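Build the complex from these two chains, which are given one at a time in their own frames, with help from the hints.
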Amino acid sequence: MDGNEAVVQGAVYAGCRFFAGYPITPASTILSGMLNVLPPLGGIVLQAEDEMASIGACLGASMAGLKAMTATSGPGLSLYSENISFAVGSEIPLVIVHVMRQGPSTGAATRGADGDVHFMRWGHSGGLPVVVLAPTGPADCFTLTVHAFNLAERLRCPVFVASSKDIAMTRETVDMERVEKPPVVDRKTHAKGPFLPFEAGPSGVPAFLPIGGPVPVRQTSSMHGPDGYITTNPEVIQSLVERLQYKVESQIDTFSFYDWDPQPGASMLLVAYGITARSAREAVLRLRARGHGVSFLVLKTLWPVPEKVLLSAAEAVHKVMVVEANLGQYVHEVRRVVCPKPVHFFGLMCGRMMTPEEIVQEVIRAQSS
Amino acid sequence: MPSLLNPSRPPVFCPGCSHERSLHALDKAFQRLHRQPHEVVIVSDIGCSGLFDVFFATHAFHGLHGRALTYATGIKLAQPHATVVAVMGDGGVGIGGAHVLAACRRNLDLTLLVLNNFNFGMTGGQASCTTPQDAHTGSAFLNTLETPLDVCRTVAAAGAPFVVRRSVYSQDLVEKLLEALRYPGFAVVDIWGLCPGRYLKANPISPKDMDGMVARAGVWDGVVAGNERREYGSAYAEHRGHAPFVEDWKGIEAQGRANLVGRHGTLFLGAAGERVLSAGNLWAMAAVRAGLHVTQKSDYNITVMRGPSIAEVLLSSDPIDYPGIEEPDAVVVLAREGVERMAQIWNRLSERTLVIQAADVPVPKHAGRTLMVDFKALDIARKNRAMASLGMLARWTGIFSIEDLVQAAAATLAPSQRDGALQLLRQGAAVPGPGSPRK
Ligand code: SF4
Chain A
201 MDGNEAVVQG AVYAGCRFFA GYPITPASTI LSGMLNVLPP LGGIVLQAED EMASIGACLG
261 ASMAGLKAMT ATSGPGLSLY SENISFAVGS EIPLVIVHVM RQGPSTGAAT RGADGDVHFM
321 RWGHSGGLPV VVLAPTGPAD CFTLTVHAFN LAERLRCPVF VASSKDIAMT RETVDMERVE
381 KPPVVDRKTH AKGPFLPFEA GPSGVPAFLP IGGPVPVRQT SSMHGPDGYI TTNPEVIQSL
441 VERLQYKVES QIDTFSFYDW DPQPGASMLL VAYGITARSA REAVLRLRAR GHGVSFLVLK
501 TLWPVPEKVL LSAAEAVHKV MVVEANLGQY VHEVRRVVCP KPVHFFGLMC GRMMTPEEIV
561 QEVIRAQSS
Chain B
1090 MPSLLNPSRP PVFCPGCSHE RSLHALDKAF QRLHRQPHEV VIVSDIGCSG LFDVFFATHA
1150 FHGLHGRALT YATGIKLAQP HATVVAVMGD GGVGIGGAHV LAACRRNLDL TLLVLNNFNF
1210 GMTGGQASCT TPQDAHTGSA FLNTLETPLD VCRTVAAAGA PFVVRRSVYS QDLVEKLLEA
1270 LRYPGFAVVD IWGLCPGRYL KANPISPKDM DGMVARAGVW DGVVAGNERR EYGSAYAEHR
1330 GHAPFVEDWK GIEAQGRANL VGRHGTLFLG AAGERVLSAG NLWAMAAVRA GLHVTQKSDY
1390 NITVMRGPSI AEVLLSSDPI DYPGIEEPDA VVVLAREGVE RMAQIWNRLS ERTLVIQAAD
1450 VPVPKHAGRT LMVDFKALDI ARKNRAMASL GMLARWTGIF SIEDLVQAAA ATLAPSQRDG
1510 ALQLLRQGAA VPGPGSPRK
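These protein sequence lines are chains A and B, in that order. Numbered by our numbering, the letters in the first sequence go through residues 201 to 569 in order. Numbered by our numbering, the letters in the second sequence go through residues 1090 to 1528 in order.
Bound conformation, chain B alone (with noise of 0.2 Å):
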């Protein structure tokens, strides 16, 4: 096979620079694979090592530090025919740490080449990730106070399948990258060279020495035991295409039965774990159903199962822009931490307001019309107060019909939900009504 090299654009890395070892090895590699250029993604990032795609006249994808990994992801995804190998050095490993433990994670069929050679020659020889204590860089004094990060330890940490340590003069380097091009999963090569512009001038260090630092730091050969299993690409093409399509969004027919001109906006203020989101849901589905338009927005802490739980549903004969509640029609008051949450809205109150209040729980004062429920007396839990309300809501509103209602509630809850809302909602609407406005 002919070389995949540019014939257009020669390799003008400095003179004994280790990345041109490296890239004529992983030439010879596609060549032994029998690559044709179009069949060979070469994505790169920032550096000397980002000069790599140039050099070669396959397809290139030339991106930014530290993030060659996430773009490889998306072509491979995209082209999982092609042979994807992504070429990054140790600052591209730094930066992009977080990458290379996903890719470790993932598994999908990428070579991820580790150009390493211990600084950023680019920028002047400052330290990288995996400059030694003891080396003498542009960083003055601070690569002394860092631990070298052990590429191989921790990508097979990570849980690399398959993971290569060799010297740049090791004989048996393009043996090695053929071996990670045809590994069907993510293989890691940390190729260990020399930088003569920068490093090596401080640092001192022979060919020979080099094989003697990947001796002692640790040869890695290929497969990690206990690290190697499914590709991620053809998991995921088991998925692709073959689930249902789980979305309905064929949408609800109205069949137009409420009795409501106007706006009617009601706040249900409760505690996280009363189902209050259900029952705003529930409400509003019910008015869908009966051809209104509807808004619903909800309110709750981010600690999921602690904190208020607030719904807001504006139900409206004609379409609506503004979805906020000026003035609320009624107030559904079913736990202190919604009542604390809205302590504005009180004084918004007027005497055609209905409030539905736990008896358990306070109110500032206010000028609606107070429907007191004692929700223990019922023998009505907490976590069904808000179900128990909807009944009471629709018969004191007058907007729909128990019987509507609880259509909806069929129609919309899960099986396991249904008998027992079905049962709070007409137990709701027996509750009796309310008292005149307090003084």
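Isolated chain A, as found in the complex (with noise of 0.2 Å):
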């Protein structure tokens, strides 16, 4: 199976019964996955009339209760911005499938790179925290498709699948007994009094009920207070964004995924994601077989940037080297968590992996300087 087809069984496993998207290769064959398997399942796909109506429309319908995802590529992903900082700031539960592609703008269609990494994060207004969660191969893929699911049910906020042309469009040999299938978490409903919609317990998520169920349920994408009406209110506008940071950054150590393969005595760390680390690992097993002693960190969660695992993976080492398809983006983070280190840094955005042999040079080359 491709990357993408693993997405598709993923969503089903995890409950989505809501897609909605829009034609863009990349991602193009999720939708028609999803168009094989939901409405036998009783679920629903859209294809949209653009962008921002995919996304739209998946946040209708998961304020209406339904599981929803959606998948895209860089130039769709400009689109959904504005929807993304609702589903933020409204803590609509929304799974939205990045295949990445080569940019900047569009790009080469058929040919994958790294190059969304901070986009995912910061692009939106406002600022605010989504959860990425970067796979490295389908097997990953459909894992990290349930969590996603998981998490955006339980922290009520977008959350991405960062994949990428080459993950996505490569079919690979998958044993699929052996793939990791998390249990399924589904959203937390009002039980009873009263309801105000944004009104938070001390998890900082509030409990949901329907649009156009039994109680009547008030969403809005403007700055709202625990009832959902607009307020101007300054300490109710600022505890409602302390409340949205809080309640995915608190979290991060419950979905910090990662693969750690360390070596005693090594000197340098090597942190990689993303289908970069597939070359990345080939090139670990040359270096150590050639007598070099290198670390090496495979980061699945990418944002909340999971610091503790970054901490405790340079702590023995003296330098790191970060491997990214594209011009340095996430370098940024792991030089300022573990800062004073030196970070070095490849990278390559030219629209095809990079290979081992290329990384066991720059390899080599940053221990020796």
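Hints listed in this document are in silico derivations from the structure and should not be mistaken for laboratory results. Remember, predicted model here, so these are calculated numbers, not experimental data. Even glycine gets a Cβ: it sits at the ideal position worked out from N, Cα and C. Watch out, some of these pointers could steer you wrong.
What the hints assert, rightly or not - Across the chosen pairs, the derived CB separations fall in these ranges:
id: 1; chain 1: A; residue 1: P394; chain 2: B; residue 2: G1330; range: 30 to 40 Å
id: 2; chain 1: A; residue 1: P414; chain 2: B; residue 2: L1122; range: 11 to 21 Å
id: 3; chain 1: B; residue 1: S1406; chain 2: A; residue 2: V384; range: 54 to 64 Å
id: 4; chain 1: B; residue 1: K1339; chain 2: A; residue 2: V384; range: 13 to 23 Å
id: 5; chain 1: B; residue 1: S1406; chain 2: A; residue 2: V415; range: 58 to 68 Å
To be verified - Covered stretches of chain A, going by a simulated chain B footprint (3 or more residues, C-beta under 8 Å):
id: 6; region: 238-251
id: 7; region: 260-274
id: 8; region: 350-359
id: 9; region: 440-446
id: 10; region: 455-463
id: 11; region: 509-522
id: 12; region: 550-558
To be verified - Reference listing, derived: stretches of chain A covered by chain B, where coverage requires no fewer than 3 residues with Cβ under 8 Å from a Cβ of chain B:
id: 13; region: 278-288
id: 14; region: 476-482
Dropping the structure here:
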């Protein structure tokens, strides 16, 4: 299977019953895959008139009670921006599969890159946090899509699956028996008493009632108090934005996904994510075979930054090296976290994957610098 | 029936604002329909018309400028029994034009109220898509340069089956709203009204003038002849839960009969229409059935029927991390387009690399051992070259027996292609072996 098929399977497993999308390479096969599976399961697939409509329909369906997902690539994500901040501010659960392609702009439709790592985090107004999970291949696509739904429902926020062309459209063998299948989490519904749509307990996450259900529910894209009505009260506004930040960031330890492959005595830590982690793993094997000490960390949660994971992985080494399919994005977060340790960077965004040998050469160069 | 207006949030429009008349008219229509607050969803967007949802005690969904119909679509599909009303100003119609057109074509059972007052009231009275050319607005002379949009003619042309135009002062406005809410499909009500806060200051219009303006623009009364058809939600319901589940997620049981230790990467370099990807897929499926780990990457032009078509198939007895091919073990050369796209590979070939080369396709100098194939002499058409080359590949790499490959083809290919493909595989396998490395 390929990464897009694995996303479809993961979504169905997680209980997704609404998908809306607009065709775009390399995300389109998620739309066609969902069309094959959701209607027979009683779910709904909408091929919307554009990207704003895709994500808009998902927001409506999500608040009306269905688990919803959309999928796009760079140019489409640009158009999602306004509704992503709506989902953040109004706490609407949504899974966004972003199958990255080489940019900027329309870039190269059939070439991959990880050029939107910061765009996913910061590409909406207000700057409040979202969750971004990064698969390295189809097995991760399945597992992380399930986690994405679980987190979207649990935290009431948009959650990205940050795939890329080389993951989405490379077919490979997967032993499904060995793929991790997390238990499915459903949204917490309001149990009793008067319902205030944005009143949250200590977790910071309000309970749901569906729009269209037996109790009238207010939903708004504007600044609002717990009752869902527009407010201009500075204290109410400040406590809302702080809660929106807190509810996501305070939970990071429960969804810091990563692969950790330490080498005792290694002086260098190699950090990678996405498809580049596959080249990097091969490079690490070759480096070790040639006598170079390297520990290896694959990050599968990119945002919020899993700082504890990075700090503990970097603890025993003198240098860190980050490899990315862009001109240097996540490396800035790694630098910030492991400061003052020196952090080297190697990146390519030419539309092809980095080869293991290129990483081997860069690591050796950085080790001796 | 009691009013559905929100007792704790009385309307706060400017005195004399038409939106308030529309608000009460809609409430009366809900009452005459015997709707309970929880049975109604008001979806609004931005501007003064976007305040609408606050003043009702119903479900409310207030979103971004021009997008009300997109949210309404998701809500209605998820909650088919709800009465879903989208409220937009003329600003929302302008910015969300594509959504309006799509909703007309789709015919989901929604009601769209256009609160049309010919300007952006909230942001300073700028011109909108419906501002008359002779009006004075906050956009200086700009509105004199553009023709206003006729909402009713536009939505009717786009397929809306139910279209109403009324002045907000019209006697039968409640009756028309009631008809729109009852209509089982997409209903548009274009309500012309006045904005005393902004527009009226420079454009004095009386309620009587308003009626005249509507009359001149054309009264629309409801059903649009020729546009009535099946409602989208009920048509969709027929497909839900009934169609067979077409995905086969059972997977393939490995049978373990490949002769490979380590990796073997093959590049198929062809052109669109030569079934290169299908051949790559069959090569991969033979490996999957034989218990190998496989990755297959494809590269083709976005112009589907023209240009290069390339398959990269990596087989391995061990799990594969890096799914690329650094040094190919075999290159199948089928067309000039593919050779041009992969110009950088030739200096990476070693004398162990098997190059299966169509005699009429030149390649750069390389170190591999070449099996030159004259497909024309073998009477193999262009679209069959890739399939025939698998027979050669199997025989001269020794990874699969021809019989295993044939069985994989029989199990994988559609019945219509099967017999032809099996013959091509056997024909390919009969081609005599490669020469020694080129000097
Ligand atoms: S600005 Fe115009 S549209 Fe807005 S509330 Fe005032 S009168 Fe009504």
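Okay, the hints, checked on the actual structure:
no., hint, verdict
1, A/P394 <-> B/G1330: 30 to 40 Å, "holds (36 Å)"
2, A/P414 <-> B/L1122: 11 to 21 Å, "holds (18 Å)"
3, B/S1406 <-> A/V384: 54 to 64 Å, "violated (36 Å)"
4, B/K1339 <-> A/V384: 13 to 23 Å, "holds (21 Å)"
5, B/S1406 <-> A/V415: 58 to 68 Å, "holds (60 Å)"
6, 238-251, "holds (count 10)"
7, 260-274, "holds (count 8)"
8, 350-359, "violated (count 0)"
9, 440-446, "violated (count 0)"
10, 455-463, "violated (count 0)"
11, 509-522, "violated (count 0)"
12, 550-558, "holds (count 5)"
13, 278-288, "holds (count 3)"
14, 476-482, "holds (count 4)"
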